[in-house]
Amino acid sequence: MTPVSPTGPAGSASPAGPPSPASPTGPAAAGAVTAVTAVTRRERAAGIVQRSGAYLVLALVVLVASLAFDSFATTGNARNIAIQSSFLAIVALGMTFVIISGGIDLSVGSVFALGGVLAAYGMRWGSLAAVLLPLAVCGAIGLLNGVLVGYGRLAPFIVTLATLLGARGLLLVITDEGSITRVMPADSLLVRLAQGSVLGLGWPVWIVVVLFALGAVVLNRTRTGQSVLAIGASRDAALLMGLPVARRTTLLYLASGLLAGLAGALAAAYSGSGVTIVGVGLELDAIAAVVIGGTLLTGGAGTIGGTLCGVLLLRVIQNVINQIGTLGSSYQSVVSGAFLVVVVVIQAYLSREQRL
Amino acid sequence: MTETVPRRSVDRAATRRWLRDNGVHLAVAVLLLYNLLFTANFATVSNLTTQLVQVAPVIIVALGMAMVIGTEGVDLSVGSVMAIAAALLPLYLGYGIVAGVVVALAAGAACGLLNGVLVGVVRIQPIVATLALLVGGRGLAIVLVDGQIKDIRNDTLLEFGSAKALGIPLVVWLAALLAVAVGLLVRRTTYGRQLVAIGDNRSASALAGLPVRRVLIVTYVLSGVLAAVAGIVATARLTASDPSSIGNLYELSAITAVVVGGTALTGGRVRILGTVMGALLIQLIRATLIKNDLPDSIAQIVQAAIIVLAVYAQRERRAGAS
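Residue numbers (our numbering), protein chains in the order written: chain A, 1 to 356; chain B, 1001 to 1322.
Do not rely on the hints blindly, as some may be mistaken.
What the hints assert, rightly or not - Incomplete in silico selection of chain B near chain A, CB under 8 Å:
1) 1132
2) 1133
3) 1252
4) 1294
5) 1296
As the list claims (entries may be wrong) - Over 10 Å on every C-beta distance to chain A, these chain B residues come out as not near it, computed from the model:
6) 1096
7) 1151
8) 1239
9) 1305
Simulated from the structure, these hints should not be mistaken for lab results. Note that CB positions come from ideal geometry on N, CA and C, so glycine has one too.
Starting from the given sequences, assemble the full structure and let the hints guide the process.
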């Protein structure tokens, strides 16, 4: 049995933090109160580290990298990291919501690739179709995930594992077993949008900014967001409270599918063609980013900003390894894996601290 | 269930339970019969042998996966562990076949130990704990061989990959032997009972004084060692060590085999025969579709549908139990 995580000082869930101890009622209570305060202080410290640890590490890594490599702290490189992060960030945003609700979406990598291929396929009818087609199909896959998890009550892990395979199969069908790579014309609106930039940042980066701002508002300021947190903390309790658990869950997986499809379409437009082999293992990067960002895999707690930070951290590490140059890309996965272990171990101890 | 149920629904529940427990055997039997009768070039010794050899490493990995899933866990790292074993093999074969195999198996055990400690002692969710090694393991394997594909020149190992005994390849014998061993381990030993009990209810098992941590660690170590064995088998078959491709996506095949075989993802139940049958079923489905000139993409979609159906059957069990 996996222990259900405490809602505790769950980041945005309880902005007020732990309740302050009641005023002492007599001299006898004084000792007890001091003990309580001590515990809450530790709890609070653990909570802060859990929520902001990723920012701290990111700042440190960026600082060290800037000092170590002349070519790191340049506008060109920063722009590069930003655009490389943007596609993963869009996928990770959907993943964050799914994981906060206590689920997981393994299908995003395949859906991402499918979205890209469909965008290139839909280009024959114009840029609008090149966006709408992937959104429709990827949304349908997300909806299928959601219905099976939300209403069918099947394990999210296995449902999305099935759609991981299914979406990849669908992709192979429309590309003649992966042998066709459709090129997207460079003068089309979608490609110009994906490759263009405004105020020095690429359009995909701005899309990320808007989506994450929206995501943060939805999670922290709307009923939907709060019910997602509640479902993740305890599905049974959420049901008893009368929350529309099945409907919310379905919505989350639908959103995750849509976002993965959008990211895939944008990435394809950015690279100018619908490549079939992209997105393998992207779900792992997205999950890693979400976990590094401080979202608990047990559900019920998490932040949107943390995920963005996790994405940036992964991409900065990738960039640094590229800067070193002599190291192959294999080192990057070794470092990412090791990093993930360290983060989850720290998280496990921190959330235990909070549980005290 | 305490409430009284009408007799007909009892019968239906019984049918459903029978289907859930034996559906995989039925499906394998039907598909096998269909292929033997109607698919051209299926009922030949060479084809049947090829199919068995192809499925052998999947079965070996799935055995470990079945035990891990029995503890309500999952081991995503098996494919990467296979790659690590495959990468280490050519590096140590110079010291002899025994050294090469021992080092590869030890590496598998070490990977399993890492997973087991993260899950059992640090109490990290199995998905994330093993995800780290899935991400990092393959990278490590590629780094170990400098990104090259190394030929295997050890005759004993090559012999093991291609030789037959009683008309059946040694690789298949090994998979069958391991299946029996793991089956006995789960059914007949104290460890096996403890494993199932922990999967059923970890807290209750801990309260009952079972060595929860030790059993979890041992289970992940066994899964790692079995994955290493599969890595060695795959390398011997390929006659080369290629860490960037060996074991790729094996975690998915293994999980599918286990789930289709009737081992619930919720833990507390390990079905070894079902797991072997699950692996065979997937292999048969692919073979059927491919031999009937349907592309691999369709095979993949069908496999996806079968996974969902299998879990759907399990869902009914859970609904009936609560």
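* Asked: Do the numbers back the hint for residue 1294 of chain B, that is, is its least Cβ distance to chain A under 8 Å?
  -> Hint on residue 1294 of chain B: violated, closest Cβ of chain A at ~11 Å, above 8 Å.
* For the hint on residue 1252 of chain B, just tell me whether its beta-carbon gets within less than 8 Å of chain A. => holds (6 Å)
* Taking the closest pair, is the beta carbon of residue 1239 of chain B still more than 10 Å from chain A? -> holds (23 Å)
* Asked: Are all beta-carbon distances from residue 1096 of chain B to chain A longer than 10 Å?
  -> Residue 1096 of chain B clear of chain A: closest Cβ-Cβ about 28 Å, beyond 10 Å.
* Identify whether the interface hint at residue 1296 of chain B stands, where standing means a beta carbon of chain A within less than 8 Å of its own. => holds (7 Å)
* Using Cβ atoms only, decide whether residue 1132 of chain B comes closer than 8 Å to chain A, and label the hint accordingly. => holds (4 Å)
* Asked: Against chain A, does residue 1305 of chain B keep a CB gap of more than 10 Å to every residue?
  -> violated (7 Å)
* Status of the hint placing residue 1133 of chain B at chain A (closest C-beta pair under 8 Å) -> Holds. Min distance 6 Å.
* Would you say residue 1151 of chain B is clear of chain A, with no C-beta pair closer than or equal to 10 Å? -> holds (20 Å)
Checked against the numbered hints listed earlier, the structure breaks hints 4, 9; every other hint is satisfied.
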